[in-house]
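Using the hints, build the complex out of the two chains.
Respectively, the protein sequence lines represent chains S and X. Numbering follows our numbering, in which position 401 of the first sequence is assigned residue number 401; successive positions increment by one, without gaps. Numbering follows our numbering, in which position 145 of the second sequence is assigned residue number 1145; successive positions increment by one, without gaps.
In case anyone wonders, no lab produced these hints; they're calculated from the structure.
Listed next, the in silico SDA-like pairs over lysine to any residue satisfying Cα-Cα at most 25 Å (straight line):
(1) S:Lys161 to X:Leu1431
(2) S:Lys161 to X:Asp1446
(3) S:Lys161 to X:Pro1451
(4) S:Lys161 to X:His1452
(5) S:Lys166 to X:Glu1303
(6) S:Lys27 to X:Val1385
(7) S:Lys161 to X:Pro1448
(8) S:Lys166 to X:Phe1434
(9) S:Lys161 to X:Glu1303
(10) S:Lys161 to X:Pro1381
(11) S:Lys383 to S:Val472
(12) S:Lys161 to X:Glu1447
(13) S:Lys166 to X:Gly1375
If you only want the chain S side, here are some residues facing chain X, beta carbon under 8 Å, derived:
(14) Ala164
(15) Val169
(16) Ile176
(17) Phe183
Partial list, derived from the structure: chain X residues whose beta carbon lies under 10 Å from chain S:
(18) Pro1398
(19) Leu1423
(20) Val1480
Glycine included, each C-beta is placed from N, C-alpha and C at the ideal position.
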Amino acid sequence: MMIELLIALCLLGAFAVFVLPDEYAPKAAFGISLVPLALSLYMYLTFDGTGNALLGGDIAFESQYQWLTLGSYEVSWFMGLDGISMPLVVLATLLTTLAILASWTPINMRQSQFYGLMLFMEASLVGVFGALDFLIWFVFWEAVLVPMYFLIGIWGGARRKYAAIKFFVYTNIASIVMFVGFFGLVFGLGDSISSLALPEIAQALRTDGALGSLGAFGADRLALLAFVAMFIGFAVKVPIVPFHTWLPDAHVEAPTPASVMLAGVLLKMGTYALLRFNFTMLPSIARDLAVPIAVLGVVSILYGAMLALAQSDLKRIVAYSSVSSMGYVTLGLVAYTMYGTGGATFQMVSHGLISGLLFACVGVIYNTTHTRMVGDMSGLADKMPVTAGAFVAGAFAYMGLPLMAGFAAEFFVFVGSFDAHFAYSALLTALAMFGIVIVAGYLLWSMQRTLFGPFRSETDYEVTTASLHDVVPLLVLIVFIIALGTFPYDLAFERVLDATEPILETTAASFGGGL
Amino acid sequence: MVEPAWAATAPVLVLVATALALFLVDSIDPESNRPRLLSGVAFVGALAAMGVSLVYLLTGVGVEPISLYGGQLVVDQMALFFQVIVTSVTAVVVLGSHDYLDSHAYQAEYYTLIMLAVTGMAVMAAAGSLAVAFIALELASLPSYALVAFMKQNKGSVEAGLKYFLIGALSSAVFAFGISLVYAATGTLMLDGIAEELTQGTELPGVLGVGLLMIIGGFAYKTASVPFHFWAPEAYEGAPAPVSAFISSASKAAGFALAFRVLVVAFPIASSGVQNALDWTVVVTILAVATMTLGNFAAATQENVKRMLAYSSIGHAGYVLIALAALTGTGDQSLILGAGMIHLLVYGFMNTGAFLFVALAEHWDVGRTFQDYRGLAEQAPFVSVAMTVFMFSLAGLPVGAGFLSKYYLFAGAVSGGLWWLALVGAVNSALSLFYYSRVVKALWIDEPDEPHVIESYPSALYGAVIVAAVVTVGLLPGLVLFDNVAFDAAAVLFG
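Only chain X is shown next, with the shape it has when bound in the complex (with noise of 0.2 Å):
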């Protein structure tokens, strides 16, 4: 426990001192750039915020749920642990981006909106109703557009931008127009009200069910997950790579925070009337295989490396969608949900190592194509092979943690009874191997048409890169410290 009840809120207190912070180093001194100082701040921020969280949650802090602001926030250890998620992704991205973002101008508000991003991302992961859900969530996403847009002479970038932002608007609306049904329905929205209401059963089962489908429909936007997955490429692409890196990472996870409490405590699937309205298992199993299949399928037709990653995080929203599409009461219901937990954690890092790869070679100007990247190794042994523990991590093999992350999952759809399921992801993930390695092809075994000039070696991006690595190995032993935590955190929302 902390006292008092508040400071359990502390991780999102830090983040939002440090984005104010930025503001008032940028007011004192607004005409010169001081990429050192300004990238420094925002690295202690989120440095200090992700400590903050994973000592509490290593200390048990929220193993009883905190309830705050008449329960608006919820304050437990499955916040804790998405909040140490999104804050350590922050982190790598602000250590990567300090040289990418070399003598370009407005680093001061680029920090400043990634700080005010991902403090909605910590919220989302908190939220305890549907109306903190929702502000968490335009909290999160009005500063990834202004990101994704942020290399405003690049049209590509603009074009990205626009496109999430359409896109972003239309699922806003969707969204809250699901939590207005359910307000019809239920009366009330808080998550815990909800299901209260839920167990006397509802006079409009159909309204109910529309509305959670809506939901349903906004949380696949922020996940991108198919059929709201469109402006992912695009705005992966488009957006400068280590933007990419925090939206696909770290905004997918919170994303699922919110999924992950919104359905589990608010629309629990044992409720009479959840499986009067809709079986909202069926429609995330729905989405599970079209997300993973069509991902994995649209990524092993691109050309374009940056491409490939966007539609391969898709594909890995599918995998995490297994864990939701699993809860369908028989199975150990924590195990199932943690394992998603532990996926989003060790998917944190190896797909921001990836993307940051990205952002590196875009820093060294040689292209985006697997073409470009052939013989990269040469000159880059170190960050290459890197890559190729990020890629082979992602493919489900046993150089890193990702293969010990999607064997839970598909160990907790079999234990969910959906074995079949986990067959799809395990077909899937063989076919991923494919071409996750034409990348390490193209590093180590292909031959450049021109020998690649690489003149610095930006040490904070590189140092980023090799962290995030050396984490994706670790984990793979170092689960252990955290397997028990995610299940006993999945177990919290389960009361």
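One chain only, chain S, in its complex shape (with noise of 0.2 Å):
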């Protein structure tokens, strides 16, 4: 029951904050955060799952009551979570906290219902990241759009109407692709299966001759056109070069705390769903298809990297340098080596505290300068030396300095990538470690132009020492960071390890090698 009661304190809170006046909404809604924080904290202290939960793996925390019945499948309440998810969770929390913390200087409006939808956004993530069936999970991965199409949309800069609108309809319209590719695949099956739970499902499409034909289409054919619908769905998410664009506009628009969340949980909404789904079910076309989408990894990773080098907006460059930083999970993944899937699953929370703490100082940066262009200013180190500090150790977490989780996530990846089985995979990873270096590029770029030399800024506003609940969020971050990277293997690579590695088990033989 630990999963609902994580979801309803959340619900809760949403609904006490909203109807709450404004003026005390935002300490209440981070009081209130901290109980779910603390709550997940303690179930990750306590997690007790082995093996991957799609795959027979004993399921930490799991519940299952039964709800519908759609003809011949039925459809329950099942949740649980495993070491993939269980990190994801804990994210999700974390940042939501932090996020609330770093929202009480720049939102000055509608207080009440910011907050109320920040934490209604947490419910409805801890929900995707812990569904084990698929209708209940899709409930959650679409009720995910709701609040963010309003905090960008209400909150947001100068373009936020065009930019949420965007931003909901494009992933919207994803989802029914995939919700199509999905169903495709379960009316296939017919018969084998008796509901829409996750484990089912999965451990159906691993048998042979289970999937059947559905209409004109033969089980081979139907099988790549539904990997190829849910990866479309999922990539639009991540995002994946080309279904990318919808992010810069809504990075750049939404407010800095939604921008936090949005890079650091809800991109890996799509490469949980990517690991979960396509590389988990259907294994043996994401063999077949590997170099193409081995090749779409590597040309998110540098052509992210050179876009966020073009960019002179701060915030433009933390946005589209996680379409770089979200390629690493695409190579990883399908590289089905350990390190391969484990690393890209670590990659995700790492990229979400890098990326998040990135967000935060480019927000603490623009509350105190009111301004995001890199030639407006210059020498804030000597005018906001906490938040300098924190930029640099940000920029160096990402650009993959030792003992920092960025490191330790890329580096695992290559190393999985490297041996990956498919055609050219030396030669897609050294190509992809180049994006490290055009990434060291424009961090330092950036941090040179912005932090260093001379102090000067070019706009009206007095640049003042940033507020303690300002700085409190990225220290915390930091601290994480270097935890993560001091001690991967045991604060969280073990755990994810467990997990992904059921999912080559079966597969690594028809691959040709083991693990």
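Structure, rendered in structure tokens:
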């Protein structure tokens, strides 16, 4: 019942904050959000799941109640966590709390609505990572869109309405494409399954001959089409080039706390779903399409990084860098090696923390200088040393400085994808590694211009020291990033591997090699 | 079972009694307007009728169909299911009308007309012969014409009433002519009698086919489906908003109840007589595609919220038609038809709620266009949340039960072998998010030109909107209580 409790706390908190008067909302929301955070940390410490939840592993915090029957398919409230989803739940609750704290300064209108939506989004995110039944999962998956639509649309920048509608319609259409693909599989499986529970479907799809034909499509064609439909649906969320065009608009227009959530957690929904659906359920199709997918991943890494290099707005730089970093996740997933899938999952958490940190830093800089343009400021380190330090730490983590989470994650991914069984894996990995050079380029460039040198600000605002509640989230994130980078194995990678290895076990032989 | 057998018609009787009671109240004290008493009587009556039909439905009355008056009326689970829909919509509409009609003349007549119309709808759901079907259809329609034109000082309202009446009269004629052709081909008006005749085939397949086509035309009119939809945008826009809610939710559900029963019972698709005359699933499939697409595209181009809702209501008729189109013989028939019934149940609440929100906006004089709605959430956050729920649920996002009912419909279409129709529905549904979210955007995101001044918060209307929203959300997890009821109710029709 722990996951239900977590979701219920967030929802009740959301409602409570929504009805509170504006002046109490920020502190109340922060206080309320500490409860799910503490609960999720407690769950992480007492976590006792083993193996992959979809492939017969022991599921932690499992609960299952019969809900609906659709024809011959049962739908149940089926919740549970494994080593893949548990860290992401903690990431969601942690970033929500920090994002709420980071909202105190910039959000100064309609506060109760803002914080209510943040908590509502937290509930939906926990639901996405916790649900093990397709229909329940889809309900939460779509429910995440609603608060984000409002967060961008109401509290966003100048072109917020355009960005909000674009985000909403783009990702909703992607959801429907994915939905159609998934139901193609369900109807193709016919009597092989009796419910929409993801473990049952995953195991049926991995059984030879279970997938039948549907209409004019034979089993092979059906599986291929379903894979492509689901891949496109999730790729929009990740985002993988060329499905990324909604992201810069949404990121740049969103208020900083929403950007933190968007980059930190919402993008992970896409890669999490890719791992759960495409790469766990249809490994043989993934193997057949490995080279094109890996190429898409590498293109995302390099193209995203080069787009970031071309920007002069700090927020756009960080936004495009997300496209680049999420490319590593794609590359790791398609490698189908121990370090590849495990590293990709680790990178989801690591990127969530680091991009959250960078967006929060940009937010603090914007709050005090009222500009995000690199050319408009210089020498900020003199005026706001803590923020500047945090920004440097975040940038180095992004570049993969050892003992920080980014290094561990990218190292795992590179090791994994170098050994991958698809053609040209070494070449593609080498190209992907070149992305780190570009990352160093744009981050060093922007730090040099904004933080160092003589102080100069071309705005009318006085640059002051940031408040305590602005910098606390930055410091907390740095602590997590360093902890995860120093003890990656003990803190997370052990649990992650435990859940990702079963994905490989049944398929490793067919890929012509061991783990 | 209920004893005596006629007690099975209790929901209808309660509605008639309420209409008569309203007459009585008005006769005793005709001069003074007693809005609270009148709306109270109507509300209690509608609620009682809903309670009775719900209790009957859940206690299994009509699992074994109860045939009354020589089979003219058939009370079965399906009839009761639709009576729950129409009476619950009526209850919410009456609650919302109380404030809307504030200080308006002829309140007793208004509520009486509503009660008489809903009586007709309740009978439509239980019609056992084409004669009863026609009479019930007229009983539901005639009060509706007057209700649409109720604001007789308002030019739009009168014009809408006239348009509704003219097309209604034409459609009635078409429907009646269709009935006479079917009678010519089969020699009976009883639904099961027609089916029996058709098992031996008919000597006049052409006459039967044309008759069936004209009957489908009658249904298309009542459900506002293409090509008999032209009255709907005008009537919904011109009518008082609670009446728009009433007609677009309850009347549409009743039309579908009749269509389901007549087509499934009297013209079973497997029967050779029907196959020789007209494969109506093909006709309905074409209607479904045309209705969905036209409704959604037209809704996307509207500037007026009420008109947008009217066109979206046409689009939703198209979704429900999928349930009839998919009755091709493959797939679980009762599952497919049950999906349509569930969608109508959910739609009853979310669509009524949306129109009542429009009623609230009219009550506040904020206007009817998207532009006028800008920034309204600032003044009325709770109903705006409710409206957001209605819009997203209508669009099929899983914040309300609209997601699940659409999912049932599309899954039904796939199991009937019409996966491409499900795809058309899904694409339409995705498109609809664009125009539904415009309302949400106007309410929450856009800034008003000048701040809205809202003087009063009419409690009954406000409450009605909130109730509709709570039910819309509550049905998402709560549908588990109803889905099997709906499937079982649909199964009754297939014997």
